[in-house]
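Student: Here the protein sequences come in this chain order: A and U.
Number 7 in this note's numbering belongs to position 7 of the first sequence; there are no gaps in the numbering.
Number 249 in this note's numbering belongs to position 249 of the second sequence; there are no gaps in the numbering.
Hints are computed from structural coordinates only; laboratory data are not their basis.
The beta carbon of each residue, even a glycine, is placed where N, CA and C say it ideally should be.
Any given hint could be a false lead.
Partner residues are not named here, just some residues of chain U that face chain A (Cβ under 8 Å, in silico) [as the list claims (entries may be wrong)]:
1. PHE23
2. ALA78
3. LEU80
4. LYS107
5. PRO132
6. TYR135
7. LYS137
8. GLY139
9. THR140
10. GLN243
11. THR247
In silico lysine-lysine, BS3-like type, Cα no more than 25 Å apart, as pairs [what the hints assert, rightly or not]:
12. U:LYS187 <-> A:LYS248
13. U:LYS99 <-> U:LYS162
14. A:LYS53 <-> U:LYS85
15. U:LYS147 <-> U:LYS99
16. U:LYS187 <-> A:LYS28
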Amino acid sequence: MEKTRLKNWQKMTPVGRLFHTLGIFILKTRMGQLIALFLRTVASLFDKSHNFKSDSRNIIMQTFFTGVEIFPPLFIVATLFGTVTIIEVISLMGKMGMSGFVGDLMVVVLIREMGPILTAFLIAGRTGSSLTTYIGGMVINSEVDALATMGINPIRYLVMPSVIGGTIATIIMNIFFSASAVGAGFLVTKAIIFVTGNAPNLQITWSYLSTEITKALTIPDFVFAVVKPLVFGIIITTNACYQGLNIKRDIRQVPKATSRSVISSFLYIVFADVVLSLYYFISYMNNLSTLI
Amino acid sequence: MLDEALRLENIYLSRNELSGTMFSIPRAVSYFENIRTSKSSEDNQLIAGANLTLKLGETICIGGPSGKGKSAILRLIAGLARPLKGHIYYFGEYIPSEKLTALEVAKRQVGYVLQNAALISNLRVVDNIALPLRYHKMGTEEEISKKVQMAMDLMRVRDYAKMFPHELSVGMQKRVAIARSWAMDPKLLLMDEPTAGLDNYNRRNLLPLIDNMRTMFKTSIIIVTHDLMIAKELDCNLVFLHQKKLTEPHSFDYWLHSDNEISKDQFRDLQSVSPNI
C-alpha cells in the first residue's frame, strides 16, 4: 500500500505535483474547507436522488425556522435603530446646513450598510448557533454516521436545506429590516415628537422623508440589498454546518463549536461586507476624478 | 461469479480513526492526513494484520473481550473508519483506500446496525424506517409504506409507529434500527450487539429473523456480540479478536472443547456447566 502511494506520487509531473501540494495546502486551511463544503453543497443539489417534493418541504421549513422566530427581535432592533438614525441624521444635517443630503445618508447607513450587517448578526446569533448545536448533537449521537451508512449523503440531507433556506430567509429579513427601519422608525420618531412636545426640534413629514430616500436610491442599492444578504446567509449557514460537522465525538466540543461558529460568522460577515463595499469605493473614486 | 461477500486482507487500523468521520472535510485531505499518521507508533494500532473471508449467505460472529476493537472492525467495514494498510473487497470488488467512504460502501448494499441504534431523533418511528427508502426512491409511496409495515411487523414495533425515538426504550430502539436496516434489503448486514438490551422473548424472535434473512434473501451477516450463544443457536462460525488479529473461523463446539487461551477466557463458565466435559 505504501509503495503504491509512493508510485502515484512519483507518477505526477512537477507541475502536477505543485498543484497537488497547493490543493492539499488550501484544503487543509479552514477557509478552504468552508469553500469546499459550500461547493459540495451546491453539487449535492444535482445528486441522483433528488426529490423535489421533500427537498422543497425541508427548505421551506428551514426558511420558516430561520425567518419567523427571528422576526420580533429583528423588528424591534430595526425600528429603534431606524428611529435613532432618523433623529440624529435630520438634526445633524439641519445644523450643518446640508438638509439636501438627508436621504443619501439614510440610504448609506440604513439600507446599504447597517441593515444587512445587523440582520446577518441577528441571524448568526440565532440560526447559526442553533444549526451548530443541532448538527453537533446528531454527530455525537452518531446519527450522521447512521445516515451515511444508509447511503444518505449528510451534506445533502442536513447542510443543503439549511444553506438554501437560511439564505432565502436572510434575504427576506433584510428587506423587512430596511422597510421597518424607515417605516416604523418614522412612526416612532413621530411618537417621540408628539410625546415630548417636539423636544428634538424636528420638522419631519412622511412625504419629505420618502421623497428624499427615493431620490437617493440607485439601482446598485437594490442589487446589493439582495446580493449582500445572499452572501451573508451563505457564510452564516455554511460556517454553522461546518462547525457542527467538525465536532469530534465528545460532548464538550458542542458549546465550543457553537461559540466558534457565531464569532467566526461575525468576522467573515464584516470581511465580506468590506469586499462587497469595494464597488461603492470604486464608484466614489471615479466621481472624485470627474470632479477634479 | 465470485461467491465471497467480503474479504479483509492484512488490515491495520489506528486508534485515531475512532474519533469519528469528518463529513465537513473533503475526502482527499483526510486521506493524506492518514498517510502522515501511518508512521505513528505501534501502540496506536488497534488492529494489526487482520484477515477475514465471508462467503455469500454466510453468517459469522465476532467475539472477544470488550475494548479490543470489535466495533471498530464493523466501523471499518461500513466505511466509517479508514484502514492504515490493507485491502477490503466487497463482493469481490476492491475499493481503494482513498475512495473508501460510508456512502461508497452503502451503494453496495451494506447495512449497518449501530450499537446505540442511532435513530434520527426528530423523526417518528415510521419515518425513520421510511427515510432511506424515500431518499433512494425505492418504489412508490404505497410500496414504501407496505415495506415499512412489513418491517415493523417483523420486529414487532408496529404499536409504537407514531412515537419518537426518545419515547422508546433502548431495546425497542434497537429493534427499530434492525427494521430500518432490513427494509433496505441489504446484501451484507453488519450488526453491533443486536441482542444487548433485548429480553429473552424478543431475542428468541430476533434469531429466526436473522435465520430467515440468510436463507431467503442470501444475506451475509456479521454479528459482533458478547452473547456467544447466538453462534450456537444460529449454527454459525465464531471468530475472535485476539492480540490485534482475527482468528480462524471455527464452530461454537470447536471453541468450547479446544484448549487454547481464548477458549479458557471466553468459555470458562460454559465449559464448567457443559455436560460433555
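Student: So, for every hint listed, does it hold in this structure?
Tutor: Status of each hint after checking the structure:
1. PHE23: The hint holds - U:PHE23 has a Cβ within 8 Å of chain A, the shortest such distance being about 5 Å.
2. ALA78: holds (5 Å)
3. LEU80: This hint holds: U:LEU80 lies near chain A, its Cβ roughly 5 Å from the closest one there, short of 8 Å.
4. LYS107: holds (6 Å)
5. PRO132: holds (4 Å)
6. TYR135: The hint holds - U:TYR135 has a Cβ within 8 Å of chain A, the shortest such distance being about 5 Å.
7. LYS137: holds (6 Å)
8. GLY139: violated (13 Å)
9. THR140: Violated: closest Cβ of chain A sits about 13 Å from U:THR140, beyond 8 Å.
10. GLN243: Violated, because the Cβ-Cβ distance from U:GLN243 to chain A comes to roughly 22 Å (cut-off 8 Å).
11. THR247: Check failed: Cβ of U:THR247 comes no nearer than 23 Å to chain A, outside 8 Å.
12. U:LYS187 <-> A:LYS248: Distance of about 30 Å is beyond 25 Å: violated.
13. U:LYS99 <-> U:LYS162: Violated, because 38 Å separates the two Cα atoms, which is more than 25 Å.
14. A:LYS53 <-> U:LYS85: violated (43 Å)
15. U:LYS147 <-> U:LYS99: Violated, because 32 Å separates the two Cα atoms, which is more than 25 Å.
16. U:LYS187 <-> A:LYS28: violated (37 Å)
Checked against the numbered hints above, the structure violates hints 8, 9, 10, 11, 12, 13, 14, 15 and 16; every other hint is satisfied.
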